[in-house]
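In order, the protein sequence lines correspond to chains E and V. So the first sequence is numbered by this note's numbering: it starts at 28 and just counts up by one. So the second sequence is numbered by this note's numbering: it starts at 6 and just counts up by one.
Don't read these hints as lab results, they were simulated from the structure. Just so it is clear, CB atoms sit at the ideal spot from N, CA and C, and this is done for glycine as well. There may be inaccurate statements among the hints.
Said to hold, decoys possible - Simulated DEER-style distance windows between Cβ atoms:
hint, chain 1, residue 1, chain 2, residue 2, range
1, E, P405, V, R718, 53 to 61 Å
2, E, G86, V, T749, 45 to 53 Å
3, V, L144, E, W39, 34 to 42 Å
4, V, C156, E, G138, 54 to 62 Å
5, E, G93, V, W183, 46 to 54 Å
6, V, R69, E, G37, 18 to 26 Å
7, V, V377, E, W39, 48 to 56 Å
8, E, E126, V, V229, 37 to 45 Å
To be verified - Each computed BS3-like pair below joins lysine-lysine, with the alpha-carbon atoms no more than 30 Å apart:
hint, chain 1, residue 1, chain 2, residue 2
9, E, K80, V, K532
10, E, K160, V, K387
11, V, K532, V, K484
12, E, K29, V, K484
13, E, K78, V, K15
14, E, K182, E, K322
15, E, K400, E, K241
16, E, K107, V, K15
17, V, K591, E, K107
18, E, K107, V, K16
19, V, K16, V, K190
20, E, K107, V, K484
21, V, K190, E, K78
22, E, K29, V, K387
23, V, K143, E, K107
24, E, K29, E, K78
25, E, K160, E, K80
26, V, K387, V, K505
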Amino acid sequence: MKLRRWTFLGLWILSLAAITNFGGPVSYGFFFGLTMLPVASLFYLVCVYLKFKIYQEIGSRTMVCGQPENYLFVLQNEDKFSFTSVSVRLFSEFSYVEEMPEDTEYELLPGDRYTFETRIACRYRGEYEIGVKEVVVTDFFRLLRLRYANPSTIKALVSPRIVSLTELRSIGDYRTLLYREIYAESEPDILVRDYVDGDPPKQIHWKTTAREGKLKVRTRTGEEKEGISIFCDMKRFGREPREYLPLENKMLEIMLALGFFFAGKEVAFSAYYSQNGLRREQVQGLRDFDAFYQKMDESIFREEEDFRELFRQVVGSAQLMASRVVFVVLHELDDAVMEMTGRLAAAGTMVVVYVVSDSSQETYVRRGSERRKIVAVPIEARVEEVL
Amino acid sequence: MERMTGLREKKLYRMLNGALLSGMGMFGGWQLSGMGELSGFHLAAAFFVLCLLAGLDFLTARGRVLCLTAILACLWSGAAFAGRETSLSFLYGFFPWIARRDEVPAEWVWGYELMLTAAIVASAWVLQLLFEKVSFLKLVFAGLLLAGLVCCLFLHVEIPHMGVVFLLCYIAMVYVEWTQERWEKVRSGAARCRMLWLMPFLGVYLLLTACMPAPEEPYGWPWVTAAYGKLRETFLTYAQRIHWGGREGFGMTFSGFTEDGGLHGDLQEEAREVMTIRLEEGYLRNVYLTGLTYDAFDGREWQQTYQGSSFGTFLDAFETFCAVQEYNGRFEPDYLREARLQVRYRYFNSKFLFAPLKTWTVEGSGKSFRPVSEDGKLMFPKRNGYGTEYALEYFQLNTGQEEFYRFLEVRAGEGALGEDGAGSVSSIPDETALEGALAFGGENRYETDLDEAILREMGIRCGEGKRTFSPELLTEHRKGIYERYTSVPALSDEAAEYLKEITAGAETEVEKLRAIERELSSYAYTKTPGDLPDWVMGEEEFLDYFLLGERRGYCTYFATAFVLLARAEGIPARYVQGYCVPVERKGETYVYSDMAHAWPEAYISGVGWIPFEPTPGYGKVRYTPWRLRQSEEEAVSKEPVGVQVETQDQVGQPGGLEESRTEPQEPEENTLEEISAERERFLRMLALALALMLAGCGAVLLADNGLGRYRYRRMGAEGRFRLEVRRNLRVLALFGVEREDQETLQELRERGTARLEELATPMASGVSPEADPLGGNRDSGKAPTRKKTALREDSPELREVGHRTEEATYVRTKLRFIEDYEEIIYGGRPVSEDLVSEAMEERRFLLEILKIQNPWVYIYCRLRLYLMRYR
């Protein structure tokens, strides 16, 4: 097409030279004959633009990440002139269509119809357009090309995927987390913990302090005594869907994978996240998981959400000191988070931080320890392989 | 379409193609065949014939026969009704060669045209049928049409506008067809079907192109040049304002027209385009455009002291014209000639309207064009720039002829007679002389008659009431001239003596003026005379400096000296600045700033202002006389004839103006030799272009083949196999076996086998087994030979059946590649090198059959396969 355009331009310039030097029907005929070619092309393209229609249908508009749905679309010429070349471009950023040839041009004579029955799957959780994104029409001289957005797109509501983990690779001896009796046996007679600056002196358990040779304070115990806590940063990063959708999807996927892993083992856990304030979901086992999934699906990432404040609030209240493991899922790791996780680790709580980011986290990973693990999770990585 | 109209797309498309071709033939060929203009009748006839042909095409075989019979019956009935004589006359009219006549009888011209129309349409139809059979020819035909059109462009062959439109539309249609065929896309219909549905858009294209104008003149790009000119003029205007503070033109240090009348020493060259002039009527002569006139000189600079408005310019023109009329009206063109000049300002900005001396009317475009006459110059109310355009009419003076000066002398003498009755004006005009001169303007009988003639002529030419002139105005005009342009300079004794020497022997005013002019012309011309000395503070000092000392300078110096000396002799004179434009040919002449010039003009009483040229080297430019119509003797013996204004009829008598019009500088028409040389040059260029095109095509072909070979080598076995199969299918298509829409490969193979059997059987029965390609290949292919079969079978019928079965089996093996191809495409069968070789072998077999079947097609096929080996 490029060659044709250049040739056309060359001929048109020659025709300009012709009318400049010669008068009469031949020179002007050449000039106007060439000038009218793109005009006729444009007229044709406008006709196609106004008349061409695409029909598309999807099995269900509510989808789950990665689960294909039936998808059908039809290219049809219902008019009285020929569509010499029509091709469609699909939304490919957040969804993909199985068995769909790319960049194929179709010629549609009056009454012609091409039906495509295939399957479509979405990559990320969220609400976005899928299916035919735009239509490309080329004129019969093959001189001009019109690309326009499909006026009737399909919007899908995509829920996050639940990844079933068989093991937790990020924690070496994860099985210890799964046994309640072990958990019970490890309980001291009196619940104590290491002294942390700011603890009231009257909470110090002097006997244990004397026995162990370091300051110990009584731990407050209540009904909520799950040993596993999962934190998720609900802050939105970026303005474009292509920036934040994959990230948020991955973070939720990790959270749900961890939750499903423990719920599947009937191990209770608490999930902390912010939605205009601190939210805490307690899951005792598989029976509570659906409600938890719903909550997670409905949760919204917002720019104003402040994970650090949330985390500081929870860590400061010392309610995590009883947790055996704290999982933190976030996008940006900084010194403040490192400091807070350090405190938890110092208190004997194991902390695993999943940093979902494509940027290098080597500095922080090196600062990790046996009780504070930093795991970098690339945005497009498979959760089951990383976790 | 078939569903909608019951008609096949192919036939409809054929009809549209035929219509386009017919349109081309009708509009393009009609005028070329010398038939004149096309009429609605011809078009209706063409449409009828086209419909008839289409009808024949759409009908079934029986319908066609019936239709043709009906037509023949109509013709026969017509002939029978008209009678033998008329029918024969009709026949002779249409086919003059039958009667060996060259002319068509007038009564049958319409019939002849009708037949021509039918022939054009029928030819178009046949051509279209041919193109359908051999589609390649259509491309060649379109290419030839395009080449022909280009040739017509260069050879200036006239083709009617609609002919060109139809031709271009046909070429566009062929181009679209070709594009669609080569386009790789998923398609369902046949090519012609596709094209049919695009015809409405091609129709729109035809309509759009047909609606566009096709003037005979090349396009001048007025808006582009105007925009460019405006831009350039704006830039130059600003540059000028920055450099010269908004004054007119450039300073005198540059050669160029200037409002500044000073003498500023050396000139610097500066040539920029200021205006264009076009001499539309009159003799081809150099043009002096007056811009500004001055009346007072202070020794270093000229000034225009008079500021009032008057119609001096126009009055002066009519005064001279009427003086000539009175003097020798019969031979008026010997003295002056009416001319018309078109002036257009370009990169120039001025408030002066430049016009030659003796301009009597100025016309410009636009309501704002209202020039005013101020003494000897014409001016705009405000500055005008690029694009200012006006036309003016003036009288060219035959100043180069002695006869003209004789006329001046006679007229000046008569004026003097009228003044004091003694013979001439006093050399030193005093109050008495001035009064006498003024009285001469109003009271003398001779002048009174002249005034009447002037007023009458102005009334005729300018329209009564358009301008109000009166004898009083004329008197006022003359009085003003004597008041403003006769201030006698004080001369030093040396200068007075020198003037006396110069004018010694000159008795009349004209002689004195010519003597002064002659003397000054002998000085040296230089653009670098140096600055005027500080002691030059007045006219006297300037004359002393220039006449007695320096004696060199440029136009300004000479014009100044002339004016001062003329005034010293008592003759009214003025200093003029403007442009001296050498006009060498018809058409537009560009005026450049370095054509700016200064010259003197002297007032000859009873005639008007007459220009002189004292600047050395400019004499030949100023004095370019035209041939006198009157004989020398007649001119010598010519006496004043008093008041004898001849009528217009007398002026236009035989042997008058028209005969005397000589155009020595007019460009000659191109001779036949020049034209043929030009055509030869064009043909040489055409041949060169063709050779280059051929060489280019060859180079492209070579490159394409080289690239194809490279790709072929890098291709896998599957790719090579696919390519070979495609080539085989192309060969098969030449047997008329082309894959149709919705046809499977298996069906194609069956059809191909049937076709090849059909072809091979008669060949095999008519030739020996050795010569028969089938037989030869059969041996190599280990297929049973006919000879062996004949030995086994006794019955001829059985032999025939057996033979056919063998043929079918054999041919089927030779079309094995189709089956292989199908398996590879749909069955995922791996491709080996053997398959590629087999496919090539099978093509050789097909080609052998083709060679026997049709040698020409075989040659074409071999050529195509060779040229497009890797496609």
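* Sort out which numbered hints this structure fails and list those numbers smallest first. => 1, 2, 3, 4, 6, 8, 9, 10, 11, 12, 17, 20, 22 and 26
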